[in-house]
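As a plain string of letters, each chain reads:
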Amino acid sequence: NAGVTQTPKFRVLKTGQSMTLLCAQDMNHEYMYWYRQDPGMGLRLIHYSVGEGTTAKGEVPDGYNVSRLKKQNFLLGLESAAPSQTSVYFCASSLDRGYSNQPQHFGDGTRLSIL
Amino acid sequence: TQLLEQSPQFLSIQEGENLTVYCNSSSVFSSLQWYRQEPGEGPVLLVTVVTGGEVKKLKRLTFQFGDARKDSSLHITAAQPGDTGLYLCAPGGGYQKVTFGTGTKLQVIP
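Heads up: the protein sequence lines correspond to chains C and F, in order. This note's numbering puts the first residue of the first sequence at 920, with every later residue one more than the last. This note's numbering puts the first residue of the second sequence at 5, with every later residue one more than the last.
None of these hints come from the bench; they were simulated from the model. The C-beta atom is built at its ideal place from N, Cα and C for all residues, glycine as well. One thing to keep in mind: the hints can contain errors.
With beta-carbon atoms standing in for the labels, derived distance ranges [unchecked claim]:
id	chain 1	residue 1	chain 2	residue 2	range
1	C	Asp1027	F	Phe14	18 to 28 angstroms
2	F	Gly57	C	Thr926	37 to 47 angstroms
3	F	Ile113	C	Asp1027	18 to 28 angstroms
4	F	Thr24	C	Gly935	20 to 30 angstroms
5	C	Glu998	F	Thr66	38 to 48 angstroms
Coverage of chain C stretches by chain F, computed from C-beta distances (three or more under 8 angstroms per stretch; other residues unrestricted) [unchecked claim]:
id	segment
6	932–940
7	987–997
Selected chain F positions facing chain C (in silico; Cβ < 8 angstroms) [unchecked claim]:
id	residue
8	Leu49
9	Val54
10	Thr103
11	Phe104
Taking the hints into account, I'd like the entire structure generated from these sequences.
Structure representation (structure tokens):
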């Protein structure tokens, strides 16, 4: 039972470098989300997707891009990393959110440090 | 965007004590969800409350949804070290763009 898998688990980048975080789910969920979690600030939504080929902005989208080319994968990209993007990134998926109480299923996070 | 405020932000108690944490908003929700996040892991759903005034119990955890469906509380009886974690609330269904509360960080000391 893999659920939601995030790759990589840890990464250290230098300012200005780029990278892509991968999220994969094997539950055939329609909805997928990327959050960042910083001390004292809870989970903040970066981008989300309500289906394959769709993406939308969350609360804090600046500096990030996403793609959902396949239903099971949701990629988060940092084109030019900045120290302010040092955080723990969580991916989540859910069967449906629009009209039901489906829970979000989370991965274990990616710990990203930008020097 | 729905704003959820949680209180207290931090709580450190001795094993065996009781505690209550709160999730408040000025918005009306069709339902609210509570999650617990343990260190190094992602949040996991504990419960969804749907009906105004509803009370749900999960072993020593009691969840209540306010009559006006704007707030919710979580009461833990006889806390144990295994209850340690970050407790988060979030709107239930009806929203694509989900905003979590800031959370209550609970530490239960043996």
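Cross-check of the supplied hints:
no. : hint                                      : in the structure
1   : Asp1027/C to Phe14/F: 18 to 28 angstroms  : holds, 23 angstroms
2   : Gly57/F to Thr926/C: 37 to 47 angstroms   : holds, 44 angstroms
3   : Ile113/F to Asp1027/C: 18 to 28 angstroms : holds, 26 angstroms
4   : Thr24/F to Gly935/C: 20 to 30 angstroms   : violated, 47 angstroms
5   : Glu998/C to Thr66/F: 38 to 48 angstroms   : holds, 47 angstroms
6   : 932–940                                   : violated (count 0)
7   : 987–997                                   : violated (count 0)
8   : Leu49                                     : holds, 4 angstroms
9   : Val54                                     : holds, 7 angstroms
10  : Thr103                                    : holds, 6 angstroms
11  : Phe104                                    : holds, 4 angstroms
The structure does not agree with the numbered hints 4, 6, 7 stated previously, though it agrees with the rest.
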